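Please work from the sequences and hints to get the whole structure.
Residues in the sequence shown are numbered from 1 upward in steps of one, following full-length UniProt numbering.
Note that these hints are calculated values from the structure, not bench results. Model, not experiment: these values are computed from the prediction. Treat the hints loosely; a few may be bogus.
Keeping only pairs whose Cα atoms sit at most 27 Å apart, straight-line, the calculated DSSO-like set for lysine-lysine is [unchecked claim]:
no.: 1; residue 1: K24; residue 2: K99
no.: 2; residue 1: K107; residue 2: K48
no.: 3; residue 1: K99; residue 2: K67
no.: 4; residue 1: K105; residue 2: K24
no.: 5; residue 1: K74; residue 2: K107
no.: 6; residue 1: K24; residue 2: K107
no.: 7; residue 1: K102; residue 2: K49
no.: 8; residue 1: K74; residue 2: K102
no.: 9; residue 1: K99; residue 2: K73
no.: 10; residue 1: K24; residue 2: K102
no.: 11; residue 1: K5; residue 2: K105
no.: 12; residue 1: K5; residue 2: K107
no.: 13; residue 1: K73; residue 2: K48
no.: 14; residue 1: K105; residue 2: K74
no.: 15; residue 1: K67; residue 2: K24
no.: 16; residue 1: K105; residue 2: K48
no.: 17; residue 1: K48; residue 2: K74
no.: 18; residue 1: K102; residue 2: K67
no.: 19; residue 1: K107; residue 2: K67
no.: 20; residue 1: K105; residue 2: K73
no.: 21; residue 1: K49; residue 2: K73
no.: 22; residue 1: K49; residue 2: K67
no.: 23; residue 1: K107; residue 2: K73
Here are the computed distance ranges between Cβ atoms for each label pair [unchecked claim]:
no.: 24; residue 1: S3; residue 2: K102; range: 28 to 38 Å
no.: 25; residue 1: D112; residue 2: G29; range: 32 to 42 Å
no.: 26; residue 1: P89; residue 2: I69; range: 15 to 25 Å
no.: 27; residue 1: H27; residue 2: E90; range: 17 to 27 Å
no.: 28; residue 1: D45; residue 2: I97; range: 25 to 35 Å
no.: 29; residue 1: G66; residue 2: K105; range: 16 to 26 Å
no.: 30; residue 1: G13; residue 2: I97; range: 33 to 43 Å
no.: 31; residue 1: A55; residue 2: G13; range: 31 to 41 Å
no.: 32; residue 1: I97; residue 2: S3; range: 28 to 38 Å
no.: 33; residue 1: K99; residue 2: A63; range: 11 to 21 Å
no.: 34; residue 1: S61; residue 2: F39; range: 26 to 36 Å
no.: 35; residue 1: F59; residue 2: T101; range: 10 to 20 Å
A virtual CB, placed ideally from N, CA and C, is assigned to each residue, including glycine.
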Amino acid sequence: MSSPKRLHLNPSGDVTVVTFTDSKIIHEGEIQELGQELFDLVERDGLKKIVLNFARVEFLSSAALGKLISFEKKARNQQAQLILTNIRPEIYEVFAITKLTKLFKIKDDEADALAVL
Numbered sequence: 001m002s003s004p005k006r007l008h009l010n011p012s013g014d015v016t017v018v019t020f021t022d023s024k025i026i027h028e029g030e031i032q033e034l035g036q037e038l039f040d041l042v043e044r045d046g047l048k049k050i051v052l053n054f055a056r057v058e059f060l061s062s063a064a065l066g067k068l069i070s071f072e073k074k075a076r077n078q079q080a081q082l083i084l085t086n087i088r089p090e091i092y093e094v095f096a097i098t099k100l101t102k103l104f105k106i107k108d109d110e111a112d113a114l115a116v117l
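Given below as structure tokens:
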């Protein structure tokens, strides 16, 4: 497993908690890099239980949302379980408006996410 630049990985038993290192996910190059690092988690590293912790994320662009949707599909195709957590209210509102709350499993905090995986 190589060290990602845009993500911090914290294994917790058979679950890997993934925290974003950037507070703003808006630049195209960074989004592409982030996407590849996420895809590698399930394609190359074979992770099956992933918690994406958004605690540090203050803003993400629509392109970043698109990348998350692609990652969810890729994770599902690899039979990986994915839960999002610690999403700020203003970002959660975007998830709700775009109906992404129906696509993603979202928990309030990391402990809640770990409890269901």
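Verification of the supplied hints:
1. K24 x K99: 22 Å, holds
2. K107 x K48: 18 Å, holds
3. K99 x K67: 16 Å, holds
4. K105 x K24: At roughly 22 Å apart (the allowed maximum being 27 Å), K24 and K105 satisfy the hint.
5. K74 x K107: Given that 27 Å is the threshold and the Cα spacing comes to 20 Å, the pair holds.
6. K24 x K107: This hinted pair holds, its Cα atoms lying about 21 Å apart.
7. K102 x K49: 19 Å, holds
8. K74 x K102: 17 Å, holds
9. K99 x K73: 15 Å, holds
10. K24 x K102: 24 Å, holds
11. K5 x K105: Holds, because 25 Å separates the two Cα atoms, which is no more than 27 Å.
12. K5 x K107: With a Cα-Cα distance of about 25 Å, the restraint between K5 and K107 holds, given a limit of 27 Å.
13. K73 x K48: 13 Å, holds
14. K105 x K74: 15 Å, holds
15. K67 x K24: Holds, because 14 Å separates the two Cα atoms, which is no more than 27 Å.
16. K105 x K48: 15 Å, holds
17. K48 x K74: 11 Å, holds
18. K102 x K67: Judged against 27 Å, a Cα distance of about 17 Å means the pair holds.
19. K107 x K67: Satisfied, since the Cα-Cα distance of roughly 20 Å is no more than 27 Å.
20. K105 x K73: OK: K105 and K73 at ~13 Å, within 27 Å.
21. K49 x K73: Roughly 14 Å between the alpha carbons, so the hint for K49 and K73 holds.
22. K49 x K67: Holds. K49 to K67 sits at ~19 Å (cutoff 27 Å).
23. K107 x K73: With Cα atoms ~19 Å apart, K107 and K73 stay inside 27 Å; holds.
24. S3 x K102: 28 to 38 Å: 34 Å, holds
25. D112 x G29: 32 to 42 Å: 33 Å, holds
26. P89 x I69: 15 to 25 Å: At roughly 21 Å between Cβ atoms, I69 and P89 fall inside 15 to 25 Å, so the hint holds.
27. H27 x E90: 17 to 27 Å: Holds, since H27 and E90 (Cβ atoms, about 20 Å apart) stay within the stated range.
28. D45 x I97: 25 to 35 Å: 33 Å Cβ-Cβ, so the 25 to 35 Å window holds.
29. G66 x K105: 16 to 26 Å: Check passed, 19 Å falls within 16 to 26 Å.
30. G13 x I97: 33 to 43 Å: Holds, since G13 and I97 (Cβ atoms, about 34 Å apart) stay within the stated range.
31. A55 x G13: 31 to 41 Å: 20 Å, violated
32. I97 x S3: 28 to 38 Å: Since the Cβ atoms of I97 and S3 sit about 35 Å apart, the hinted range of 28 to 38 Å holds.
33. K99 x A63: 11 to 21 Å: Since the Cβ atoms of K99 and A63 sit about 18 Å apart, the hinted range of 11 to 21 Å holds.
34. S61 x F39: 26 to 36 Å: Violated, at about 18 Å.
35. F59 x T101: 10 to 20 Å: Given about 18 Å between the Cβ atoms, the range holds.
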